[in-house]
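A.B. asks: So the sequences go chain by chain: R and V.
So the first sequence is numbered by the numbering used here: it starts at 146 and just counts up by one.
So the second sequence is numbered by the numbering used here: it starts at 23 and just counts up by one.
Don't take every hint at face value.
Cross-link-like lysine-lysine pairs, in silico, DSS-like; alpha carbons within 30 Å at most [stated by the list, open to error]: (1) V/K83 - V/K27; (2) V/K27 - R/K269; (3) R/K400 - R/K269; (4) V/K27 - V/K90; (5) R/K236 - V/K27; (6) R/K289 - R/K319; (7) R/K289 - R/K260; (8) R/K236 - V/K90; (9) R/K260 - R/K366; (10) R/K319 - R/K400; (11) R/K368 - R/K236; (12) R/K368 - V/K90; (13) R/K400 - R/K289; (14) R/K319 - R/K243; (15) R/K289 - R/K269; (16) R/K236 - R/K400; (17) V/K90 - R/K366; (18) R/K243 - V/K27; (19) R/K319 - R/K269; (20) R/K260 - R/K243; (21) V/K27 - R/K366; (22) R/K368 - V/K83; (23) R/K243 - V/K83; (24) R/K368 - R/K243; (25) V/K83 - R/K236; (26) R/K368 - V/K27.
Think of the hints as simulated: they come from the structure by calculation, not from any bench.
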Amino acid sequence: MAHTSDGVLATHFDDLGQQRSAMRLGMWMFLVTEAMFFGGVFCAYTAYRIWYPHEWEAASSALNVLIAGINSFLLLTSSLTITLAINAAHKGEQARVKLMLFLTLALALAFLGFKAYEYYSDFKEHLVPGPTFVSSTPTEEFEKEYLHAHPEATRSEIADAEFHHLFEQDAAEKVTLNPGRVQLFFMFYYIMTGLHVVHMLVGIGVIAWLYRMALQGRIGKDKFLLIEITSLYWHFVDMVWLFLMPLLYLAGPHKHLHF
Amino acid sequence: MSEEKTTSDGTYYLVYIVLAIMTFAQLAVSFSGLGPMRLPVNMGIASVQVILLSFVFMHLKGSDSLTKITAASALFFLGLLFLFIITDYLTRQWLAY
Chain R
146 MAHTSDGVLA
156 THFDDLGQQR
166 SAMRLGMWMF
176 LVTEAMFFGG
186 VFCAYTAYRI
196 WYPHEWEAAS
206 SALNVLIAGI
216 NSFLLLTSSL
226 TITLAINAAH
236 KGEQARVKLM
246 LFLTLALALA
256 FLGFKAYEYY
266 SDFKEHLVPG
276 PTFVSSTPTE
286 EFEKEYLHAH
296 PEATRSEIAD
306 AEFHHLFEQD
316 AAEKVTLNPG
326 RVQLFFMFYY
336 IMTGLHVVHM
346 LVGIGVIAWL
356 YRMALQGRIG
366 KDKFLLIEIT
376 SLYWHFVDMV
386 WLFLMPLLYL
396 AGPHKHLHF
Chain V
23 MSEEKTTSDG
33 TYYLVYIVLA
43 IMTFAQLAVS
53 FSGLGPMRLP
63 VNMGIASVQV
73 ILLSFVFMHL
83 KGSDSLTKIT
93 AASALFFLGL
103 LFLFIITDYL
113 TRQWLAY
């Protein structure tokens, strides 16, 4: 039997136990390569974090920790629901499998919704590295307010003032930050969270496929391993997020929770 | 050997609650006046969360030795990656005499 998911023993295995172990090991091997893949980015982050600690902390404080916190709970809960789906499949509880897979999908999509809103807010606040970054191009709101108080101010003076207002004002010690290094932090922020989002999209695709199978009544007792293998990947995506939280969002001090 | 050991739903709920409390603790640390120590403390909490996830939710606890060695190999090679890159990058400004 060449094609098998579980329940049917392929000829090159001794028994179902060995076959299941091989399937799990395959996903774990893949996850090791994924850990190395993310490891490279985390390692680069560490080197710059040690070099530019002030810029890293100040830039981190400008990120939205409320949305990140909500997203942490959404992902952790989705890890729980997909694990409960394995147990339900094991017991042959079809309705519960459908419910748990649906909840996992809904939580993952809610995560992406919040993330999209966060990216949009960052874009509006001119926190995207490049010529429109807040240190070169002030936001319209700040420009209006600043011109009201200082009618003679030039655009670059306003940009300097907004940069100071955003990043330097709340610093524990008096520091002058390098705008280039602050932008470097944001590059890491977009690349790391972006890679994470791409991994989530892949996971959502696979879970949607499982959900479709469940709707068609094709996830019986013998197919629990399909959900289990997918859950290994999903938990890994969750783990990456658990490290992104302290590295990106919680690296600097926070004073307010707001959208 | 087709009988599978399963963890009860109750254990999963319990671990989930612990994970959620730890995330609250991380947020609390970021609002505290802990200063530069907040990063190592929060990374420590995240590491415990990852251990719980891998051992309970990913069933590493009941896995066979080959799977455990595979998971540990990720840590080993990540350790090498960090050790050599960080020691190189952080000592480049040292003068060669």
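A.B. asks: Would you mind marking each hint as holding or not holding in the structure?
C.D. replies: Okay, the hints, checked on the actual structure:
no. : hint            : in the structure
1   : V/K83 - V/K27   : 11 Å, holds
2   : V/K27 - R/K269  : 51 Å, violated
3   : R/K400 - R/K269 : 21 Å, holds
4   : V/K27 - V/K90   : 17 Å, holds
5   : R/K236 - V/K27  : 12 Å, holds
6   : R/K289 - R/K319 : 27 Å, holds
7   : R/K289 - R/K260 : 29 Å, holds
8   : R/K236 - V/K90  : 26 Å, holds
9   : R/K260 - R/K366 : 36 Å, violated
10  : R/K319 - R/K400 : 18 Å, holds
11  : R/K368 - R/K236 : 11 Å, holds
12  : R/K368 - V/K90  : 24 Å, holds
13  : R/K400 - R/K289 : 26 Å, holds
14  : R/K319 - R/K243 : 56 Å, violated
15  : R/K289 - R/K269 : 15 Å, holds
16  : R/K236 - R/K400 : 47 Å, violated
17  : V/K90 - R/K366  : 26 Å, holds
18  : R/K243 - V/K27  : 22 Å, holds
19  : R/K319 - R/K269 : 28 Å, holds
20  : R/K260 - R/K243 : 26 Å, holds
21  : V/K27 - R/K366  : 14 Å, holds
22  : R/K368 - V/K83  : 22 Å, holds
23  : R/K243 - V/K83  : 27 Å, holds
24  : R/K368 - R/K243 : 13 Å, holds
25  : V/K83 - R/K236  : 21 Å, holds
26  : R/K368 - V/K27  : 15 Å, holds
When each numbered hint is compared with the structure, violations occur for hints 2, 9, 14 and 16.
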